[in-house]
Amino acid sequence: MSDKQKHATAYWKENLKYLIILLVIWFVVSYGCGILFKDALNEIRLGGFKLGFWFAQQGSIYVFVILIFVYVRIMNKLDKKYGFDE
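The UniProt record's numbering numbers the first residue of the sequence shown as 1 and each following residue consecutively.
If you are wondering where the hints come from, they were derived from the structure by calculation, not from laboratory data. Wrong hints could be hidden among the right ones.
[What the hints assert, rightly or not] Distance ranges between label pairs, derived from CB positions: (1) R73 with G32: 23 to 29 Å; (2) D3 with F69: 30 to 36 Å; (3) D39 with Q5: 46 to 52 Å; (4) F84 with G48: 25 to 31 Å; (5) F69 with K4: 43 to 49 Å; (6) F27 with Q5: 31 to 37 Å; (7) N76 with F37: 29 to 35 Å; (8) G48 with G83: 27 to 33 Å; (9) I66 with H7: 40 to 46 Å; (10) D85 with I21: 32 to 38 Å; (11) K77 with I44: 53 to 59 Å; (12) I44 with M1: 50 to 56 Å.
[Stated by the list, open to error] No more than 25 Å apart at the CA atoms, straight line, and that leaves these computed lysine-lysine pairs for PhoX-like: (13) K6 with K50; (14) K17 with K81; (15) K80 with K6; (16) K81 with K38; (17) K38 with K80; (18) K17 with K6; (19) K4 with K17; (20) K4 with K80; (21) K81 with K13; (22) K13 with K80; (23) K50 with K38; (24) K81 with K4; (25) K77 with K38; (26) K4 with K50; (27) K81 with K6.
Backbone N, C-alpha and C fix where the C-beta goes; we use that ideal spot for every residue, glycine too.
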């Protein structure tokens, strides 16, 4: 395997690691907070709505959008680290 291929393989391994971490966070927020922990979160109110309901309706969407921006920032750093930035 050439040095360039090793470089690209390391890049993709690190990319997949970050992607899996971010998807796990999204899953925990959307499925966990919206469904599994709903009853416990419903004890807390946010803007007059129960927090479990809020996560199921709005929170997971907001977290997903934030994770997109986090992913872009991480990928920009990763591109610079491996020399793939333009």
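Hints versus structure:
1. Taken as a hint, the range 23 to 29 Å holds for the pair R73 and G32, whose Cβ atoms sit roughly 24 Å apart.
2. Judged by the Cβ atoms, the range 30 to 36 Å given for D3 and F69 holds: they are separated by roughly 33 Å.
3. In this structure, D39 and Q5 meet the distance hint of 46 to 52 Å, their C-beta atoms being roughly 51 Å apart.
4. Evaluation of the 25 to 31 Å hint for F84 and G48 yields a failure: the beta carbon distance comes to about 47 Å.
5. Take F69 and K4: their Cβ atoms lie about 30 Å apart, and the range 43 to 49 Å is violated.
6. Here the CB-CB span from F27 to Q5 is close to 32 Å, well matched to the stated 31 to 37 Å.
7. A hinted range of 29 to 35 Å holds for the C-beta pair N76 and F37, which are about 33 Å apart.
8. In this structure the hint that G48 and G83 lie 27 to 33 Å apart at CB is violated, the actual value being about 51 Å.
9. A C-beta distance of roughly 30 Å is found between I66 and H7, which places it outside the suggested range of 40 to 46 Å.
10. Between D85 and I21 the C-beta distance comes to about 22 Å, which lies outside the given range of 32 to 38 Å.
11. Between K77 and I44 the beta carbon distance is about 35 Å. The supplied range of 53 to 59 Å is therefore violated.
12. Checked against the given bound of 50 to 56 Å, the beta carbons of I44 and M1, roughly 53 Å apart, stay inside it.
13. The straight-line distance between the Cα atoms of K6 and K50 is roughly 50 Å, outside the 25 Å bound, and the hint therefore fails.
14. A hinted pair counts as satisfied when its Cα atoms are at most 25 Å apart, and K17 with K81 qualifies at roughly 15 Å.
15. At most 25 Å may separate the alpha-carbon atoms for a hinted pair to count; K80 and K6 meet this at roughly 16 Å.
16. With a C-alpha separation of about 41 Å, the suggested pair K81 and K38 falls outside the 25 Å cut-off, and the hint is violated.
17. Distance hint between K38 and K80 is unfulfilled; the C-alpha atoms sit about 41 Å from each other, more than 25 Å.
18. Taken as a hint, the K17 and K6 pair is honoured in the structure, with Cα atoms around 17 Å apart against an allowance of 25 Å.
19. The hinted pair formed by K4 and K17 meets the criterion: a straight-line CA distance of about 20 Å does not exceed 25 Å.
20. Only pairs whose Cα atoms come within 25 Å are accepted, and K4 paired with K80 is accepted, the gap being roughly 15 Å.
21. Under the criterion of a C-alpha separation no larger than 25 Å, the hint pairing K81 with K13 is consistent with the structure, at around 13 Å.
22. Taken as a hint, the K13 and K80 pair is honoured in the structure, with Cα atoms around 16 Å apart against an allowance of 25 Å.
23. In summary, the hint linking K50 to K38 is supported, as the alpha carbons are separated by about 9 Å, within the 25 Å threshold.
24. Note on K81 and K4: the hinted pairing holds, with a Cα-Cα distance of about 14 Å set against a maximum of 25 Å.
25. This hinted pair does not check out: K77 and K38 have alpha carbons roughly 36 Å apart, beyond 25 Å.
26. Taken as a hint, the K4 and K50 pair is broken in the structure, with Cα atoms around 53 Å apart against an allowance of 25 Å.
27. With a C-alpha separation of about 14 Å, the suggested pair K81 and K6 falls inside the 25 Å cut-off, and the hint holds.
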